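Numbering-wise (the UniProt record's numbering), the sequence shown opens with residue 1 and increments by one.
Worth flagging that the hints you see were computed from the coordinates, not collected in a lab. Computed from a prediction, not measured in an experiment: that's the story for all the values here. Ideal Cβ placement from N, Cα and C applies to all residues, glycine included. Among the clues, some could well be false.
Stated by the list, open to error - Calculated cross-link-like contacts (lysine-lysine; reagent style DSSO-like; alpha-carbon spacing at most 27 Å):
| hint | residue 1 | residue 2 |
| --- | --- | --- |
| 1 | LYS119 | LYS88 |
| 2 | LYS131 | LYS117 |
| 3 | LYS128 | LYS117 |
| 4 | LYS95 | LYS124 |
| 5 | LYS117 | LYS97 |
| 6 | LYS119 | LYS95 |
| 7 | LYS88 | LYS124 |
| 8 | LYS97 | LYS119 |
| 9 | LYS117 | LYS95 |
| 10 | LYS88 | LYS117 |
| 11 | LYS119 | LYS131 |
| 12 | LYS88 | LYS128 |
| 13 | LYS88 | LYS131 |
Stated by the list, open to error - Ranges of calculated distance between the beta carbons of each label pair, as one might list FRET restraints:
| hint | residue 1 | residue 2 | range |
| --- | --- | --- | --- |
| 14 | ASP115 | THR47 | 24 to 32 Å |
| 15 | THR47 | LYS95 | 16 to 24 Å |
| 16 | SER183 | GLU78 | 42 to 50 Å |
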Amino acid sequence: MTTANLSTIVFAAVFVAAGSLLASSDESTDAAKTGAVEGTSTVATTTVEAARRQAEILHEAMHSTLQITHDRFYREDEGLPIPAFSMKEVFAEIKQKQGVSLRWLVVEGQAMNTDHKAKTDFEKEAVKALKSGRGFHEQNENGVYQRAAAITLSNHCLKCHVPDRRDTRDRTAGLVISIPVASN
Numbered sequence: 001m002t003t004a005n006l007s008t009i010v011f012a013a014v015f016v017a018a019g020s021l022l023a024s025s026d027e028s029t030d031a032a033k034t035g036a037v038e039g040t041s042t043v044a045t046t047t048v049e050a051a052r053r054q055a056e057i058l059h060e061a062m063h064s065t066l067q068i069t070h071d072r073f074y075r076e077d078e079g080l081p082i083p084a085f086s087m088k089e090v091f092a093e094i095k096q097k098q099g100v101s102l103r104w105l106v107v108e109g110q111a112m113n114t115d116h117k118a119k120t121d122f123e124k125e126a127v128k129a130l131k132s133g134r135g136f137h138e139q140n141e142n143g144v145y146q147r148a149a150a151i152t153l154s155n156h157c158l159k160c161h162v163p164d165r166r167d168t169r170d171r172t173a174g175l176v177i178s179i180p181v182a183s184n
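Let the sequences and hints guide you as you build the complete structure.
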């Protein structure tokens, strides 16, 4: 399988899930409401409750896509980029088209990229919550709903993320999703 094929599979799987999710917001996103001009990308805001639901579904879509792509299509000896890296391209597309930010977060194990280390107070609290076994951590502040939720690092992930491991039990990483919300 080529890098292009792997990327195509990742894009297709995530866009089908994410596209239908983000298009089904409880809020109307017509031009009058968002101020959108035809041919431009304008971010529509939503309620906190709708953002929470979107983040839950988007997280599940990303987590499932990552696991399935890694299990079924990634082969280390073929020189392909790891699926989590390929998915960053999907994150950029979603940010550009929907105004929704996604980023990986180191919880247990080594950072594969320094950009994945916790930077904000919210992210540092999320790391503590996820390490303690909570499935997610959320906040709504300054017009942005944020949700950090657990991503399972299973045995095949540990070779890189926890190279000095003494066992093969699953570890945890995180995915932070940030969605603009309407002011109260």
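Going through the hints against the structure:
For the proposed pair LYS119 and LYS88, the alpha carbon gap of about 18 Å is at most 27 Å, so the pair holds. For the proposed pair LYS131 and LYS117, the alpha carbon gap of about 14 Å is at most 27 Å, so the pair holds. Under the criterion of a C-alpha separation no larger than 27 Å, the hint pairing LYS128 with LYS117 is consistent with the structure, at around 13 Å. A hinted pair counts as satisfied when its Cα atoms are at most 27 Å apart, and LYS95 with LYS124 qualifies at roughly 22 Å.
Between the alpha carbons of LYS117 and LYS97 the distance comes to roughly 25 Å, so the proposed pair stays at or under 27 Å and holds. This hinted pair checks out: LYS119 and LYS95 have alpha carbons roughly 19 Å apart, not beyond 27 Å. The suggested pairing of LYS88 with LYS124 holds, with an alpha-carbon distance near 21 Å, which does not exceed 27 Å. With a C-alpha separation of about 24 Å, the suggested pair LYS97 and LYS119 falls inside the 27 Å cut-off, and the hint holds.
A hinted pair counts as satisfied when its Cα atoms are at most 27 Å apart, and LYS117 with LYS95 qualifies at roughly 20 Å. For the suggested pair LYS88 and LYS117, the alpha carbons sit about 15 Å apart, so the restraint of at most 27 Å is met. Taking the CA atoms of LYS119 and LYS131, the gap is near 16 Å; set against the 27 Å cutoff, the hint holds. Restraint check for LYS88 and LYS128: the C-alpha separation of about 24 Å stays at or below 27 Å, so the hint holds.
Restraint check: the Cα-Cα separation between LYS88 and LYS131 comes to about 23 Å, which is no more than 27 Å; the hinted pair holds. Between ASP115 and THR47, the C-beta spacing of about 30 Å keeps the proposed range 24 to 32 Å intact. Under the hint 16 to 24 Å, the C-beta atoms of THR47 and LYS95, about 21 Å apart, fit the expected range. The hinted range of 42 to 50 Å is satisfied by SER183 and GLU78, whose Cβ atoms lie roughly 49 Å apart.
Of the numbered hints given earlier, the model fails none.
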